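6 protein chains.
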Amino acid sequence: YRFGLAEEHDHVGVTTGLAWTEVGGELLTIEAITLEGKGKVTITGKLGDVMQESAQAALTYARSRAREWGISADFFQENDIHIHVPEGATPKDGPSAGIAMCTTLCSALTGIPVRKDVAMTGEITLRGRALIIGGLKEKLLAAHRGGIKHVLIPEENVKDLKEVAQSVLKDLEIHPVSHMDQVLELALTQSPSRPLADGDEETTAAPPTPAEKKLGDESPTLPH
Amino acid sequence: YRFGLAEEHDHVGVTTGLAWTEVGGELLTIEAITLEGKGKVTITGKLGDVMQESAQAALTYARSRAREWGISADFFQENDIHIHVPEGATPKDGPSAGIAMCTTLCSALTGIPVRKDVAMTGEITLRGRALIIGGLKEKLLAAHRGGIKHVLIPEENVKDLKEVAQSVLKDLEIHPVSHMDQVLELALTQSPSRPLADGDEETTAAPPTPAEKKLGDESPTLPH
Amino acid sequence: YRFGLAEEHDHVGVTTGLAWTEVGGELLTIEAITLEGKGKVTITGKLGDVMQESAQAALTYARSRAREWGISADFFQENDIHIHVPEGATPKDGPSAGIAMCTTLCSALTGIPVRKDVAMTGEITLRGRALIIGGLKEKLLAAHRGGIKHVLIPEENVKDLKEVAQSVLKDLEIHPVSHMDQVLELALTQSPSRPLADGDEETTAAPPTPAEKKLGDESPTLPH
Amino acid sequence: YRFGLAEEHDHVGVTTGLAWTEVGGELLTIEAITLEGKGKVTITGKLGDVMQESAQAALTYARSRAREWGISADFFQENDIHIHVPEGATPKDGPSAGIAMCTTLCSALTGIPVRKDVAMTGEITLRGRALIIGGLKEKLLAAHRGGIKHVLIPEENVKDLKEVAQSVLKDLEIHPVSHMDQVLELALTQSPSRPLADGDEETTAAPPTPAEKKLGDESPTLPH
Amino acid sequence: YRFGLAEEHDHVGVTTGLAWTEVGGELLTIEAITLEGKGKVTITGKLGDVMQESAQAALTYARSRAREWGISADFFQENDIHIHVPEGATPKDGPSAGIAMCTTLCSALTGIPVRKDVAMTGEITLRGRALIIGGLKEKLLAAHRGGIKHVLIPEENVKDLKEVAQSVLKDLEIHPVSHMDQVLELALTQSPSRPLADGDEETTAAPPTPAEKKLGDESPTLPH
Amino acid sequence: YRFGLAEEHDHVGVTTGLAWTEVGGELLTIEAITLEGKGKVTITGKLGDVMQESAQAALTYARSRAREWGISADFFQENDIHIHVPEGATPKDGPSAGIAMCTTLCSALTGIPVRKDVAMTGEITLRGRALIIGGLKEKLLAAHRGGIKHVLIPEENVKDLKEVAQSVLKDLEIHPVSHMDQVLELALTQSPSRPLADGDEETTAAPPTPAEKKLGDESPTLPH
Ligand SMILES: [Ca+2]
Ligand SMILES: [Ca+2]
Ligand SMILES: [Ca+2]
Ligand SMILES: [Ca+2]
Ligand SMILES: [Ca+2]
Ligand SMILES: [Ca+2]
Ligand SMILES: [Ca+2]
Ligand SMILES: [Ca+2]
Ligand SMILES: [Ca+2]
Ligand SMILES: [Ca+2]
Ligand SMILES: [Ca+2]
Ligand SMILES: [Ca+2]
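Residue numbers (the working numbering), protein chains in the order written: chain A, 2 to 225; chain B, 2 to 225; chain C, 2 to 225; chain D, 2 to 225; chain E, 2 to 225; chain F, 2 to 225.
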């Protein structure tokens, strides 16, 4: 296990984001976990104000979709959520980890693993839009260096691909996205959609129904 | 979908504001969402103190009108509200997004979409007055550049229109307003007014009655 | 409607204060509103620490008088209060808006309008004393420029009137006051006094009894 | 009524303190009020950290004595307390208003007025000790200038009296004190002691029993 | 009563600490008091961050021992605790008042007085260890100057005694300690140990049993 | 007992961490204690932001494992936790005490002592990974100087061992770890695993079953 490299296994509550830190483009591991508690949200990892606000926006979007994922609204009052971004000593900032944070939260809430060979970058809005980010070139270099196969980027950033070296692009499959719906479909090993029946108030996320899976099972090939 | 451009569809909980940022006049997307919760208010988007206070004033005005819109007072104790202004990395400040924030909140609370071809600027007061703002010329340039049709400006700013180029004004329909009542009538696809009957304590906003609509249905023509 | 000018109508929860800002003497509109809630107090308008403390003192005095005004003590636990001073981008500070803030709160709590042709300046104490303020000359100039008829000033400031130009004084009626009792008698369109009967716990302010009115009905003539 | 001068009447919840401000020795009016509420404590008046901590110590001492004064412990959970020191624009700091703050609180809690012709200075401890303060000479000058008759000073400061001009001392009666018990006996118009009977849980302070009065009724002569 | 001198009587909730302030070694009086309340902890006296954290560690250790002292765990939810260090205007910092703060808390919780002729210095840990401190020489000078008889110092500091003048040491009895158990045995007039019987939930500390006293009654001779 | 030296006994709630402070590599004692309370977490010891976030991550991981350790989720709502790092006057920062903090918490929660001859360094993640840290060479020097036998280091740091002097390495047994599971197995005197039966809601940690012990009883030989 090495930082700056792709994960070796699909994990629940862990997503590889692409961000800028003081030392350039970098793979960031975004962790999230839920704990029986009182609704407290903790965000750690030496994150700047913008990245913390980004985590809040990611959480709000996740909460707004929770019912469709089989999570009742009460879950958020009866559980604590911790979002953490190791390596804790490296200052991190900016909004570009937004969709990765949201993917991590969705995975932690539903129990569906995130595909280990996927990295992503993009600002998130309250409505789940994936917005343009800066530094695409450096971020794709970091993804390439780290052995990532699939990279999700905002559709608005497609225009920046022409600045990226062909040697980098030939090893990566780039997936332009404009909304979290697409992100989750590509990044999770299963679809999270499992509407909570009306009056159904269970707070523990049940395992998703395999039949709903939309992607090949841990297959390295993504549509592109 | 591109920032700095008009929205492609009418949306609930999204309004296009005109504000000043570090780079001049700019279209700002103002988002708001309500979530079943405990009455917490979150305001994000790298907003300065004045813009955050502006959001608080917009929310107070919206709460003071909520009963008329069919929302009980308890709604605000039993739901969280998140106001967010992408792009999260751009510092934003000033009071001129006040009426846009209030429009977004009204839309999010009532479920009535905001017209996609409308942008607006104006400080808001607790009584719903639309107060004079600065930088009208630059803001109208940004609206023009972004493909906006209708712009709502404070009546006190009409005197500043003479400084705006005719090439800009001929493509825009300018609507002077002095109160949120006028703003909502022009910006929402329907009137929000649906008084809550006394003793009527439902907390979920029901769909507004179509018969009350005051504007053409998503029609691009506004009175002027 | 223009800032820096007297209001056109008597309003509930709005008072014209005279204060110093970065640009000299200025008319400040002081707004207050109560909302069904949980006892939260919000103070906005880019106010410095002293002006925020002044608002707290004004609120404490108002709460200490509330029972006499027909408001039960529980009202303050079951309602939120928002005090706002547009124009939100202008820094404001100092204690001289104290009695204006208290008048606004009394109006918002009782539903009695504030006379539109009255402006006032004076620090407030917890016991309702009106204390001496600075910059009387500049404040009276601003009142004159704004078309104000009646100005309430602290009795301790009468000695400063000799520095004010006759051209200003001849258009203004100056009312020296030393206590909030006098301020409310002069500034509200009716007396707020309507003692809450013992055991009477109603939280909604009923309309004041017209018979208690002490001033001519919206008449421009005040005793002096 | 003029600041810097002795009060004209005995008042409840008002004490004249002697403190240092930016302009030297000064009479400070210390106000306190209790309001039916939820146990919130508010301290205002542009006070520095030390003076705010001094107010907290004064309050703790008062709470520790409350039962003897006929106030139940629940009173402090069911009421808010506001301590304010006009003039709100003058920065104030230091611990020397401690015993004056405690006297004000005792007066506000018991309803017993503070003698109008008494001023005092001294740090307070949690056990009610009156500790030595600085600037006695300047403070006595301010008391003299303000028409004060009786001044309470810490016993430890008696040694500093030799630096004070005879012209000042001949008009003042100096009362050295080492504990709040002495302060209250000298400063209040009646003794606050009225032990709460065990199991007696009334939260409203009843009027003190006149028979317990230890000082002449508003008489200007104090023991010395 | 003079600061910088030993107390004249044994007191409950008062301990003499030895600390460094801006002016060198100094006797500090550490006060603590408990009040019926809601579990709030207040720490005052112009204490720096380290000294405030020291007070928190002292309180945690005291709470961890409370049951043995006859105090139920609920006591800390139903009472407020105030720790104060006069003289409020003198900045104080560092961890060396830790064992003195813990002694004060134990005294305040159990009602057992602290011996008036004892001073002490030592950092405290959560497990009640007394850790090495700096400035022993200056602190012993202050103790000597203040008329203290017995000084408790951390065992790790014994090595520093050789730097202290014989003229100072011949008047002081130095008691090396490594744990709060030793500190309390030496500093309190009685042993605090009075185990709370299981299921025994009384919240008011009963007077300690005299038979458990381990030291001579207020005798100036301590074992050494 | 001396700081900078190994503990003399196995203790509950105490772990020896290796960290960097202002003066280089250093042994840090990490203490933790739980107290019947209301779920409050206190972190003290002059810790920088990164080290405080590290403590939060350690606590979250411990909470996520608590059920397996026989601790119900309610325990964390009904108890307070205090994490403290003496020496309180030394500034400490960085994430490298993460696994030591987590070990201390596990020990405090389960009542299982930590082996006195073990020190450790490593960042912790929410999933319990032990991440690479800096300054390994200096930290091992400090461990050697302090008489430590066994040192747990992150597997990613094995590459740095070649920079460490043989004279240091020959006295230390280095145990590379990549996950808290390994850390706890090596550092605690017993295995903490004692799954809480479903519906089993006891909040007091029972003594672990001796049969589950995986290491020799306080034996100095660890597997390597
Ligand atoms: Ca890295
Ligand atoms: Ca619910
Ligand atoms: Ca833009
Ligand atoms: Ca209600
Ligand atoms: Ca103006
Ligand atoms: Ca009540
Ligand atoms: Ca003055
Ligand atoms: Ca009680
Ligand atoms: Ca001293
Ligand atoms: Ca209990
Ligand atoms: Ca050390
Ligand atoms: Ca539970």
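It is worth saying that the hints were derived from the structure and are not from the lab. Some hints here could point you the wrong way.
One copy or two, it doesn't matter: identical chains are merged, so the pair holds either way.
In silico lysine to aspartate or glutamate, EDC-like type, Cα no more than 20 angstroms apart, as pairs [said to hold, decoys possible]: (1) LYS171 x GLU69; (2) LYS150 x ASP118; (3) LYS117 x ASP94; (4) LYS39 x GLU23; (5) LYS117 x GLU9; (6) LYS160 x ASP81; (7) LYS160 x GLU186; (8) LYS47 x ASP94; (9) LYS39 x ASP94; (10) LYS47 x ASP118; (11) LYS163 x ASP11; (12) LYS150 x ASP75; (13) LYS39 x GLU157; (14) LYS41 x GLU79; (15) LYS39 x GLU79; (16) LYS138 x ASP11; (17) LYS150 x GLU69; (18) LYS160 x ASP50; (19) LYS41 x ASP75; (20) LYS39 x ASP81; (21) LYS150 x GLU9; (22) LYS41 x ASP81.
Predicted, not measured: the structure shown is a model, and the values here were computed from it.
Can you name, in rising order, the numbers of the hints this structure does not satisfy? Violated hints: 1, 3, 4, 6, 7, 9, 10, 11, 12, 13, 16, 17 and 18; rest satisfied.
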